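Trainee: Sequence:
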Amino acid sequence: MLRPPRIKLSVVLICASVLCASCRKSYHSKSERYVFISANTSLPYWQEAKAGFVAAGQEMRVKVDFTGPSTYSPQDELKAFQDAVNSHPSGILVSPAQADLFQDAINSAVQNGIPVVCVDSDSPRSRRILFVGTDNYRVGLTIGRLMATLMRQHGRLAVITIPGQFNQEERLRGVEDALKPYPYMSFYEAANDRGSSKVAEQEVASLLQQNADVAGIVCLEASGGPGAAQAVDQYGAGGKLAIVAMDANPETLDWISKGMINATVTQKPYTMGFYGLRFLDDLHHNSVHEFKNWQDAPASPLPAFVDTGTEVVDRRNVDDYRNALASVQ
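Going by our numbering, the sequence shown opens with residue 1, and the numbers climb by one from there.
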């Protein structure tokens, strides 16, 4: 009795395996939909986060919505979050503009079975399941040490920030702690740029008009750096003031190339959006079986905090960083 060649038998088995796999029920249902609520959709930073979120959605074949106010407006962002909750999605990513403002809304969503993951900025006293983003206190330490070096451990420092936003409060705390060993360094004042480079420019211009005794400017949010650099350039103060910015806005990288911004600390918003959705999906499907159900569990089955990391970009590596970004666009 003749036996079929082994190679033909292997092909038959492979085909059968593929057919069986195609008959299996999909892990994701057609009704699954995840929502990302951003603090300011117009910023390049949040567009990068959106790209990571959308890419993860395409990979998992689930529906995704990206929304939020187009300017910094905590109340409008809260309204967008509440609207998302009322639409009963499978999960929500959110970057709370003000931690306490969002606390009750996040608690209500989780209580009603909607997993919530915070990205970029946290609401740590809420019932959100985890935070995916930067260790912002460590960022503040990095910025403070950079400024100490740039200012040669002497002089007053102005701060551009958004008061009440948890991630920036943590950065400021880190800067303050980093400067404690330097008795000849002090803070001038903190200015609120409300997430607008134009407002940051106006604030720094006012400071320069007053001939304030300032040797450096720290910008703790993405829009501050370009605004501060524009004002310093306009008043011919380039090289006289040290500037350390946040994030990798194209304008920020351009000002570094021109020598107007000394350095920026970049984050990974794409990574936040990408893995934020994956964690939501794991929660929705109860994929991590430490407990029977994430809603009834005594503790979250997922990590409490995922640090996505940072990088310092200055004139030495700005071209390499810009080219690396361009290669994936």
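Do not take every clue at face value.
[Stated by the list, open to error] Distance condition first, Cα-Cα at most 30 Å in a straight line; then the derived DSS-like pairs of lysine-lysine:
#1 K63 x K79
#2 K79 x K258
#3 K240 x K180
#4 K198 x K240
#5 K50 x K79
#6 K292 x K240
#7 K50 x K30
#8 K63 x K292
#9 K30 x K292
#10 K198 x K50
#11 K198 x K258
#12 K63 x K50
#13 K292 x K258
#14 K240 x K258
Please keep in mind that the hints were generated in silico from the structure rather than gathered at the bench. Please read all numbers here as calculations on a predicted model, not as lab measurements.
Trainee: With the threshold set at 30 Å, check whether the alpha-carbon distance from K50 to K79 stays at or below it.
Mentor: holds, 19 Å
Trainee: Given the hint that K292 pairs with K258, does the C-alpha gap stay at or below 30 Å?
Mentor: violated, 56 Å
Trainee: Between K198 and K258, does the CA-CA distance stay at or below 30 Å?
Mentor: holds, 19 Å
Trainee: Does the alpha-carbon distance linking K30 and K292 stay inside the 30 Å limit?
Mentor: The given pair, whose Cα atoms are some 24 Å apart, holds under the 30 Å limit.
Trainee: Straight-line Cα separation of K63 and K79 no greater than 30 Å?
Mentor: Holds, because 21 Å separates the two Cα atoms, which is no more than 30 Å.
Trainee: Starting from K79, check that the Cα of K258 is at most 30 Å away, please.
Mentor: Not satisfied, since the Cα-Cα distance of roughly 40 Å exceeds 30 Å.
Trainee: Compare the distance between the alpha carbons of K63 and K50 with 30 Å, and conclude whether the hinted pair is satisfied.
Mentor: holds, 13 Å
Trainee: K292 and K240 were given as a pair; does the straight-line alpha-carbon distance stay at or below 30 Å?
Mentor: Judged against 30 Å, a Cα distance of about 60 Å means the pair is violated.
Trainee: With a cut-off of 30 Å on the C-alpha distance, tell me whether K50 and K30 pass.
Mentor: Answer holds: K50 to K30 is near 21 Å, not above 30 Å.
Trainee: Take a quick look at whether K240 and K180 sit within 30 Å of each other, Cα to Cα.
Mentor: holds, 23 Å
Trainee: Quick one, are K63 and K292 close enough, alpha carbons at most 30 Å?
Mentor: holds, 26 Å
Trainee: Would the pair K198 and K240 pass a check requiring their Cα atoms to be no farther apart than 30 Å?
Mentor: holds, 21 Å
Going down the numbered hints, you'll see the structure goes against 2, 6, 13, while the others check out.
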